[in-house]
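Chemist: Listed here are the chains, written in short residue letters.
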Amino acid sequence: MIYLDHAATTKSDEETIQVMNDATRNFFANPSSLHDPGIAARKRLNVARRNIARYLGTEKQHILFTGTATEAINTVIKGTFFKHPKKTIITSNVEHNATLNACKFVKAQGGHVITLESDATGNMPLDELEKVLNDHTVSLVSLIYANNELGTIIDVAPINELCKKYQAKLHLDMVQGPAHQRIKLDELDIDYASFAAHKFYGPRGVGILYFKAKDTFDSLIHGGRQEHQKRAGTENLAGIVGCEHALGRCYHNIDTWEATIRANAEIFLETLKKNNIDFRLNGPSFSDKRLPSILNIGFKDQDAQIMAFKLNEAGICVSLGSACHSEVIEASHVLQGIRVPEAYIDGSMRLSLSHEETKTDMIKVANTMAELVKSGECKK
Amino acid sequence: MNKKIIIQSDAQVLFKGKMLNMPVKKDAIKEKSIELFDDEDPCIIHQSYVMKQFAETLETLFKDANQPVIYYNEHRDTLDFLDIDTSKPVEIRLKG
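Residue numbers (the numbering used here), protein chains in the order written: chain A, 629 to 1008; chain B, 437 to 532.
Don't take each hint at face value.
What the hints assert, rightly or not - Derived DSS-like pairs: lysine-lysine, alpha-carbon spacing no greater than 27 Å straight-line: (1) Lys452/B x Lys1002/A; (2) Lys454/B x Lys928/A; (3) Lys714/A x Lys901/A; (4) Lys1007/A x Lys524/B; (5) Lys462/B x Lys992/A; (6) Lys1008/A x Lys531/B; (7) Lys461/B x Lys1007/A; (8) Lys466/B x Lys938/A; (9) Lys812/A x Lys793/A; (10) Lys462/B x Lys812/A; (11) Lys901/A x Lys793/A; (12) Lys714/A x Lys688/A; (13) Lys531/B x Lys439/B; (14) Lys1008/A x Lys524/B.
Just so you know, these hints were derived from the structure itself, not from any lab.
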C-alpha cells in the first residue's frame, strides 16, 4: 500500500506506541491526585509539557492540551467571542471547517465575522486585510498557516504586523506545520496557535493550544482546575506522552525527512508531466512558499471520486476534499475558494506525502494516475 | 464505471445511462454500507462509495464475459442489488 493521506492522519511508529503503552501502565493515576502515583503522573505531564513547548519554540506556561485541534480552534474563536462579543472576527474562505464552522456558530450567536477571499494561491491579500482591520474593531484574525488542501504557507510577519497595528489578536491553525517545519512560536510572536498530535505521527485525541496570554479568551469546558484553569478534564497523559515523543522525532529528523519529501514530490510531478496528460497543480506553484508534502492535483474533465476509488483498488490511498451537503457531494470549499477552473475542479484530489515513500512509489502513483486518465475510465 | 449501459427486458428499456446511476435497491445500499462501514444510515459520500462498489461488480462481469452483453439470469446472485423487474429475462448491454 502507498499511503498518501498524511494530511488527514499520520501513522505512529512502534516506539511512539510503546511509549504510550508504558505511560498507560506506569502513570495510571490522576495527575491531580496528591499521592505517590498521582505525583508521578503530574511530574510526567509536566516533563511532557516542557518538552513539547521546547519543540514548538516556546515555554510550558503557553501550552494547553485539548482533545483535538478542532477543540483548540473552537476554544480560540468562541473563547474570544465570549470575551469580546461586540468585536469582529476575521477569517478567510480557505480555512479548515473547524474554523469556518466555529465562526458560523459565532455568527449564529449574533457575533460579527468577516470572511475574506483568498487569492488563487490560497494567500490572503494584505490590503484587503488592512482595510477590514481599519474599518472594524477586530478582536481576532484566525488564519490557516499551512493549508491542509493546497500546501500554501502564509507569510506570517506582515499579517502579524497588521494585527498588532490594529490591536487584533492573531490565531494560526498550524495543524499541518510540525511534521514538516520546526515551529518557533516565540519568534513568530503570534497570540494563538493550534496543533494536533495525529498530524505529526502522534496519537489521535491530543490537541495543543498555544496561547500567549491566558486572560484574552474564555474557557469552553468548565470543571476542575486543569490546564491553566482554561480547559477542565483529567489530562490524557498517555496521549500527551505519545505526542511528546512523536513531536521530538519530527523535531530531530525534519531536515532529512523534508528533503526526501521534496525530491519525491518533484519526481511525481515530473513523471506526471512526462505522461502528457492534462493536469494542474491547484494552489501555489511548486517553487512558491508551500509545503512540498501537499500536492493538490486537478485532472481535466476527470471524476476524482472514481479515480480515487480505482487508486484505492491499486493500493494507493489519496484524499478528496469534497464534502457532503445533504443530498449532493460538492467540490471542496477551498478549491472553490481559490476558483479552480470548472474543467479541473471535479477531477481534483490531494496527495499528502511523508518521508516514508520511495521514488519508485511516487513514479508508480504518477503512472497509475496517468493510465487511469488515458484509459477513459474516470472521465466525467 | 462511468460507462453507459442499457438494461433491457423483452425489448423494453428499463434503464439507460451511466453505470454509477443504475437503479439499485435501497436495501442493497444499506446492506453493503453495513458490510463496509457498519453503518445502516450512510451519508451521501458513503452511499456514493457503495454505488462505486456495485458499478465495479458490474464492470468485472463485463470484463470476465469478454463481451458487451451479460444476462441477469446467469448472474442472479451477483446482480441481486439491481432494482429492476426480473420477472422476464433481462440483458445488460454496454454502450460504446
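Chemist: All the hints need checking, so say for each whether the structure fits it.
Modeler: Structure-based check of each hint:
no.	hint	in the structure
1	Lys452/B x Lys1002/A	25 Å, holds
2	Lys454/B x Lys928/A	19 Å, holds
3	Lys714/A x Lys901/A	52 Å, violated
4	Lys1007/A x Lys524/B	33 Å, violated
5	Lys462/B x Lys992/A	38 Å, violated
6	Lys1008/A x Lys531/B	16 Å, holds
7	Lys461/B x Lys1007/A	26 Å, holds
8	Lys466/B x Lys938/A	22 Å, holds
9	Lys812/A x Lys793/A	22 Å, holds
10	Lys462/B x Lys812/A	53 Å, violated
11	Lys901/A x Lys793/A	45 Å, violated
12	Lys714/A x Lys688/A	32 Å, violated
13	Lys531/B x Lys439/B	7 Å, holds
14	Lys1008/A x Lys524/B	33 Å, violated
Violation of the numbered hints given earlier is confined to hints 3, 4, 5, 10, 11, 12 and 14; the remaining hints are satisfied by the structure.
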